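For this one, chain C is given, so just place chains S, Z and L on it according to the hints.
Residue numbers (the numbering used here), protein chains in the order written: chain C, 1 to 101; chain S, 1 to 515; chain Z, 1 to 162; chain L, 1 to 684.
Incorrect hints may have been included.
[What the hints assert, rightly or not] Pairs of lysine-lysine, DSSO-like flavour, derived with a Cα cap of 30 Å: (1) L:Lys425 to L:Lys559; (2) L:Lys560 to L:Lys384; (3) S:Lys458 to L:Lys559; (4) C:Lys89 to Z:Lys24; (5) L:Lys464 to L:Lys558; (6) L:Lys569 to L:Lys558; (7) L:Lys558 to L:Lys386; (8) S:Lys458 to L:Lys167; (9) L:Lys167 to S:Lys387; (10) L:Lys467 to S:Lys460; (11) L:Lys115 to S:Lys460; (12) L:Lys467 to L:Lys559; (13) L:Lys467 to L:Lys386; (14) L:Lys464 to S:Lys387; (15) L:Lys384 to S:Lys460; (16) S:Lys387 to L:Lys115.
[Said to hold, decoys possible] Label pairs and their calculated CB-CB ranges: (17) L:Glu69 to S:Asp461: 35 to 43 Å; (18) C:Thr5 to Z:Met133: 29 to 37 Å; (19) S:Ile474 to L:Ser169: 42 to 50 Å; (20) L:Arg620 to S:Thr303: 55 to 63 Å; (21) L:Phe614 to S:Asp377: 23 to 31 Å; (22) L:Phe614 to S:Gly380: 28 to 36 Å; (23) S:Pro463 to L:Glu69: 49 to 57 Å; (24) S:Lys458 to L:Arg474: 39 to 47 Å; (25) Z:Thr111 to C:Leu69: 57 to 65 Å; (26) S:Thr28 to L:Ser169: 44 to 52 Å; (27) L:Arg620 to S:Trp209: 24 to 32 Å; (28) L:Arg378 to S:Lys458: 36 to 44 Å.
Hint data in this document are derived by calculation from the structure and do not stem from the laboratory.
Given the structure is predicted, the values throughout are model-derived calculations rather than measurements.
Every residue gets a Cβ at the ideal spot worked out from N, C-alpha and C, and that includes glycine.
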Amino acid sequence: MDSLTNYLFVSASLFCLGLYGVITRRNAVAVLMGVELILNSANINFVAFARFSGMNMAGHVYALFVIVLAAAEAAVALAIIINIFNNFKTINVDDVSQLRQ
Amino acid sequence: MNHLLSWIIWLPVIGIVAVVIIPRDKGTLIKQVSAVVTGVQLALTIYLWRIYDGSNGTFQFMESAEWIPSFNISYMLGVDGLSLPMVFLMALLGFLGVFVSWNINKAVKGYFALFLLLNTGIMGVFLSLDFFLFYVFWEVMLLPMYFLIGMWGGPQREYAAIKFFLYTLVGSVLMLIAILALYFTCGKTFDMLVLMETAPIALNGVLWWGMSAIKVIWTLLFIGFAIKVPVFPFHTWLPLAHVEAPTAVSVILAGILLKLGIYGILRINYTMLPDGVFWFAGALAVLGLINVIWGAMCALAQTDLKKLVAYSSINHMGYALLGMAAVIAGSSMGGDNLLAAQAGLNGAVFQMFNHGTISAMLFILVGVIYDRAHHRDIDGFGGLAVKMPIYSGIVALAFFAGLGLPGFSGFISEAMCFIGAFPVFRTIVIISTIGILLNAAYFLWAFQRIFFGELNEKYKDLPEINRMELFTVIPLAVITLFLGIYPRPFLDLISETMNILIDQVVSLGGLVNLM
Amino acid sequence: MADLVFWIVVGVTIVSAAMVVQSKQLLYSAIALLFTFVGVTGLYIFLWADFIAGVQVVVYVGGILVLIIFGIMLTNKITSVNISHTSVQRGIGATVVLGILAGIGFMIINTPWYQVAATEPEQTTETIGRLLMMDYLLPFEVASLLLLGALIGATTLSRKED
Amino acid sequence: MITGNIITDFCLLILFLPVVAFAINIFIGKRLPRQGDWVSVGAILITLVLSLSMLMNMFMNWDPNFSHEVQFSWIDLGAFKIELGFWVDNITIVMLVVVALISSMTHIFSLEYMKGDIRYSRYYAYLGLFTFSMNGIVLANNLISMYIFWELVGVSSYLLIGHWFEKNSAANAATKAFLTNRVGDIGFFIGIMLMFTAIGSFNFQDLFSGISQGMISGQLLTLAGVGIFLGAVGKSAQFPLHIWLPDAMEGPTPVSALMHAATMVAAGVYLTVRLFPLFSPEALLIIAYVGGFTALFAATIAVTQNDIKKVLAYSTVSQLGYMILAVGVGNYVAAFFHLLTHAMFKACLFFGSGSVIHAMHHSLHELNDQDTDPQDMRNMGGFKSKLPITYWTMTIATLTIAGVPFFSGFLSKDAILAGTLAFAKHYPQHFLLPLFGFGAAAITAFYMFRLIFMTFHGEVKMPKVFKGIHESPRAMTFPLILLSSLGFFIFYTLPYFNPFSDHGWFTELIQASDSVVKGNPTAEEIYEGIHHAHYPAMALSLLVASFGIGMSILMYMKKKLSADIWAAKMGFLYKLSLNKYFFDENYNRFLYQPVLKLSQAIAFVDWDLYDKYFINGFGRVTKWLSFLTGRIDYEGLDQKLVDGVGRTAQGFGNQLKNVQTGRLQNYMLFALAGVIVIIVMQTI
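Just chain C, same shape as in the assembly (with noise of 0.2 Å):
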């Protein structure tokens, strides 16, 4: 457990399940998570690589404010979501292609 390869391979782990979610989910929500996931996962590489150089507390700076981040996309996401099945009375991704030629 005190090895900085652990950590990265969970982390690895966790943003390969993350873009999966992403990739494969027709559902926006669904999406949402993926990239919860993402983030989560990046979060981990952070606090890791702090811990193993020193205990640099920048990189918990920087988990932190991803974290900020993270909630403000969530919000922001939501809203779209909410807005795009009150126009659209779905939320599969594939199905909001209004742009699409």
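Quick look at chains S, Z and L alone, frame taken from chain C:
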């Protein structure tokens, strides 16, 4: 005042800011502000004139600051006996021009802002010692001129403006090429002072496409400047632009802009390409001759008064070209006739200044009659001397000054140009003296048709010239008369610089035959 | 002992994350996400990041997750049990993602990581606070502005048009 | 006894007082009491007093070699210098007196003659300017100031001739005078340039010494001399530039007097007198022929003129020809002597004609007659009784000009004719020169008496007009009396009293100096020649003068010979003379009109051809080229090449369209696949 020259250049820009801030409907205030700004500028140039040391002909009041160091471009200013009279002339005509434009009521704000910008551009050209800066100001000056002619001009203003613009643009493009050629061949610098030393040596014997580089650069620069002068085959923009431009702009155009050409030739061609001077002097004299005769002949045939004055400018510039060509008299090839070289070159510069004052006066006076009669047809008047004695008196004075009557400064400069050029170009000068006669002929004939004879009934209620107009003409008349009677104040100021210039041309040039 | 706990936490995290992306029921996904977040919190604790762990719990578990669940509830009629929750291009998606995972893993193994040994600090809150208030003051303020913007934006966007 | 600096001061005052009067009158003259005439008259009278005191000083000194020169630096450029200044010697002083005297007489005469003129104060201002310019010429010690004042004389004459500019003829005459003079001035200027180029100075003394050192010689010197002489040809109205002078009669009559006696036309003679030493023999020969020919030629025109002023005008031309002739044969002192005597009697004649015209004008004015020409002698006759003072003074002046003994004209004419005769004796091939001289003398005597007889004798032609003729007021008769009395020989021969010899103060004080050009006879040789020719010349001139006078008496007084019949007999010649040999017409047809046409042609070429087609042609070609390139660009490049690329791309696009699913997630997938490819490639 450590930055006197900068102040002189940039003062009008302050004026522009003020003019732009003032609300549109306060036209008089705009005019007053412009008058104050140009007035202060004039005061500064008079101060400059007074503290300039004429016994030392080198550049004075130098200013230098880095601008674009990676290309060796700097903000460098300086004044010598060649530029000082021109700067003074510009300040004077700029100041008077504001009053000449007092009747402008169309887009006052834009007009005066452009007018002031023109002022800055021209001042910059005369004062900059960095070639790049020179070019920048050269272009700055072009733009307001275009708009001033194109927006406030006569019925054919757009045509005239575009013609003027294209003509001059061709010139500046050629000039730019020459500037770059000098830059790359002479040690990558735009510093004119350095170029004056390095260029004659660096270009010596350089061949481009089998031709001497000096010839190539000289020709490019010469065409660029010749368009401004204007020298004979490049002159046709001038009558049109003069005729269509509003009076004040004609005044600046004839009074200053034409001088830029000769100033450029003297400042750049003569100092940097002295070998070229010897190569080209003969052609210069011939062009001068053509200018004199052609301009006079065309003027003789005109029925539009303003066009007549415009062609007279071409005629007058011919004398200056003759005088400039005389510089080679000072070399061993020209018989070591330093007298002739001095007479010719000083005469040419003096002629520039005099033509500035005299033609400005003429244009203002043409503007006066145009404002009243709304036409400029020489044959359409008649007998006005009865109705407008003061006006006719002043026109007579201006015409006599224009035809080179002794007692007016124009005579001295023309005589000096002739005397200077005579030893080297005897035949050319003798032929061009016919110009003196034609000169008198077209002025007096026009005068007779306008002012003599029976009064044309149409104009029996024409009002006399008013105070404001008198105020714009009288300073010019006084200068013309004063320098005509006692030219030393002017000539002492420039002669040392001219001696340096002659020395530069004679000592560095004419040593080799150009390929 | 600690190792065992660590691996359990890792297992919970990864398995629940897999469930998030795999579950056919959106609501299940949301609940699985909760476990993932908690697992990540555990990892933070292992990494001596007590403050971040606290923030993770408060913001993610208490904030974002609730938000997501609200989103689900608002966009699906509460009565319809079976919330449409299908996936597309699973096969190719999985292949690509696995490829990427392989790439990253290859990278992780082969990289000689720069490491400095450190002792566990008493607490990190104070240090983070100092950093935020001094070195990262500007990003901090920008972040707060961002949050404010997001707040207003979200409100405006989701507002019912009058 | 005045010397040195005082002379300089006097000269400055003499020079500048008239121009001060000019400045005052031109600016505020109208607002002054009496329109400011007293300013001008006062100024000119002061100059007269100053000049006379200088003359007195000259008499007291009695120094033929008196010379005083001052100058100041006008232009100094290092090597090139122009110094202006005065050169005062006896010639200068005499000339100053002449100018001041005639000018002040003109001022006084004009008080009455110009009374009530609309531009009275301007007229006086111009008179001042005229006097100033002439004094400048007289005092000049160098070519440049000579030229400056030369031109100023031209412009003052322009202003005065054109004084009544409402008349087109006056305006034309003014312009013509100025331009014709300018033709001469060009020659003058070329001469100046030739001299300066060779010698490097404008100063007369420097020129003389430079020439004697041989710095300029041969053809060049001749050319320079002829050039300078051309200036004199213009100003002194010599053939072929004489055409302006008769027209100049359009100016007020007192101006004609001033112009023809003392200022303008005298300037040319004065110039040749001043610069006599630098003319080469060839140049002098040209001068002599021009002068001699003009003398005869103008006289033949004067014979047939009917306008009283025109007669006098041609007489002036003729007399000036005399003077020029004298200069040409080397007897320049005689030329100057004649200039002096001529100034007096010609001024008197012009004033006399002015008095007649004035009287006619008033009479016609009272009759309300606009059509009768007050200057036409055919309308006069028998005025002797009405205008006694005018008659007697004019008769004296006529006797003077005709060369009758006891009058000054006899002396000066005799000196000139003796000079020509001596010259012809020395160079028999130039026998024409004395013929010109004597012929002109005979004709002069004839037409001058013709004028007197037609005007004052014979029957009254227009009784109505005659009735209104009155003698002129005192301001006009005073100058007449003064000037006619100056026609007596005594004023020129003091302190001697020999009416048949010009020996006197003049010949003693004004002595010829040698020419500095090699090949010219010395003053001594010339004097010797004249001395020997003196008596034959005198006898001959008396003979021709009495012949002329006799003919005139026969024709116009006794009516023994009919002028009309003679005119008819001479037919063609009469017509030629009456029409002044058609000079104006021919100049107009062969000179002015072609120049005007040429100028119009050039202007047309410049504006309508060169500019419109050549310069704008550039624009047009550019436009056409741009149109062409536009076509090539659009139809060739754009439609074929560029669009071809586009079409190809479209084809590909159609193929690739299937890839474009529009699904974000698809794109992301592809992107990730790309990432993998990159990773793989990096690793490999």
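Here's how the hints hold up against the structure:
1. For the proposed pair lysine 425 of chain L and lysine 559 of chain L, the alpha carbon gap of about 39 Å is over 30 Å, so the pair is violated.
2. Distance restraint check for lysine 560 of chain L and lysine 384 of chain L: the Cα-Cα separation of roughly 21 Å lies within the 30 Å cut-off, and the hinted pair is therefore satisfied.
3. With a C-alpha separation of about 55 Å, the suggested pair lysine 458 of chain S and lysine 559 of chain L falls outside the 30 Å cut-off, and the hint is violated.
4. Only pairs whose Cα atoms come within 30 Å are accepted, and lysine 89 of chain C paired with lysine 24 of chain Z is accepted, the gap being roughly 20 Å.
5. For the hint pairing lysine 464 of chain L with lysine 558 of chain L, the CA-to-CA distance comes to about 25 Å; that is within 30 Å, so the pair holds.
6. Annotation: proposed proximity of lysine 569 of chain L to lysine 558 of chain L holds, straight-line Cα distance about 20 Å (limit 30 Å).
7. The straight-line distance between the Cα atoms of lysine 558 of chain L and lysine 386 of chain L is roughly 21 Å, inside the 30 Å bound, and the hint therefore holds.
8. This hinted pair checks out: lysine 458 of chain S and lysine 167 of chain L have alpha carbons roughly 18 Å apart, not beyond 30 Å.
9. Distance hint between lysine 167 of chain L and lysine 387 of chain S is fulfilled; the C-alpha atoms sit about 15 Å from each other, no more than 30 Å.
10. At most 30 Å may separate the alpha-carbon atoms for a hinted pair to count; lysine 467 of chain L and lysine 460 of chain S exceed this at roughly 39 Å.
11. Straight-line distance between C-alpha atoms of lysine 115 of chain L and lysine 460 of chain S comes to about 26 Å, which keeps the hinted pair within the 30 Å bound.
12. Distance hint between lysine 467 of chain L and lysine 559 of chain L is fulfilled; the C-alpha atoms sit about 25 Å from each other, no more than 30 Å.
13. Among the hinted pairs, lysine 467 of chain L with lysine 386 of chain L is consistent with the structure: their alpha-carbon atoms are about 9 Å apart, no more than 30 Å.
14. Of the supplied pair hints, the one linking lysine 464 of chain L and lysine 387 of chain S is violated, its CA atoms being roughly 37 Å apart against a limit of 30 Å.
15. The hinted pair formed by lysine 384 of chain L and lysine 460 of chain S fails the criterion: a straight-line CA distance of about 45 Å is larger than 30 Å.
16. At most 30 Å may separate the alpha-carbon atoms for a hinted pair to count; lysine 387 of chain S and lysine 115 of chain L meet this at roughly 21 Å.
17. The given range of 35 to 43 Å is broken by glutamate 69 of chain L and aspartate 461 of chain S, whose C-beta atoms sit roughly 56 Å from each other.
18. As the Cβ distance of threonine 5 of chain C to methionine 133 of chain Z is approximately 34 Å, the hint placing it in 29 to 37 Å holds.
19. At about 34 Å, the CB distance of isoleucine 474 of chain S to serine 169 of chain L disagrees with the hint of 42 to 50 Å.
20. Our hint of 55 to 63 Å for arginine 620 of chain L and threonine 303 of chain S is violated, since their Cβ atoms are close to 27 Å apart.
21. A hinted range of 23 to 31 Å for the beta carbons of phenylalanine 614 of chain L and aspartate 377 of chain S is consistent with their spacing of about 27 Å.
22. With their beta carbons about 31 Å apart, phenylalanine 614 of chain L and glycine 380 of chain S fall inside the hinted range of 28 to 36 Å.
23. Checking the proposed 49 to 57 Å range against proline 463 of chain S and glutamate 69 of chain L shows it holds: the Cβ atoms sit about 52 Å from each other.
24. Separated by about 45 Å at the C-beta atoms, lysine 458 of chain S and arginine 474 of chain L satisfy the suggested range of 39 to 47 Å.
25. For threonine 111 of chain Z and leucine 69 of chain C, the hinted distance range of 57 to 65 Å is not satisfied, since their beta carbons lie about 27 Å from each other.
26. For threonine 28 of chain S and serine 169 of chain L, the Cβ-Cβ distance of about 49 Å falls inside the hinted range of 44 to 52 Å, so the restraint holds.
27. Roughly 30 Å separates the CB atoms of arginine 620 of chain L and tryptophan 209 of chain S, a value that falls within the hinted 24 to 32 Å.
28. The supplied range of 36 to 44 Å is met by arginine 378 of chain L and lysine 458 of chain S, whose beta-carbon atoms lie about 39 Å from each other.
The structure does not agree with the numbered hints 1, 3, 10, 14, 15, 17, 19, 20 and 25 stated previously, though it agrees with the rest.
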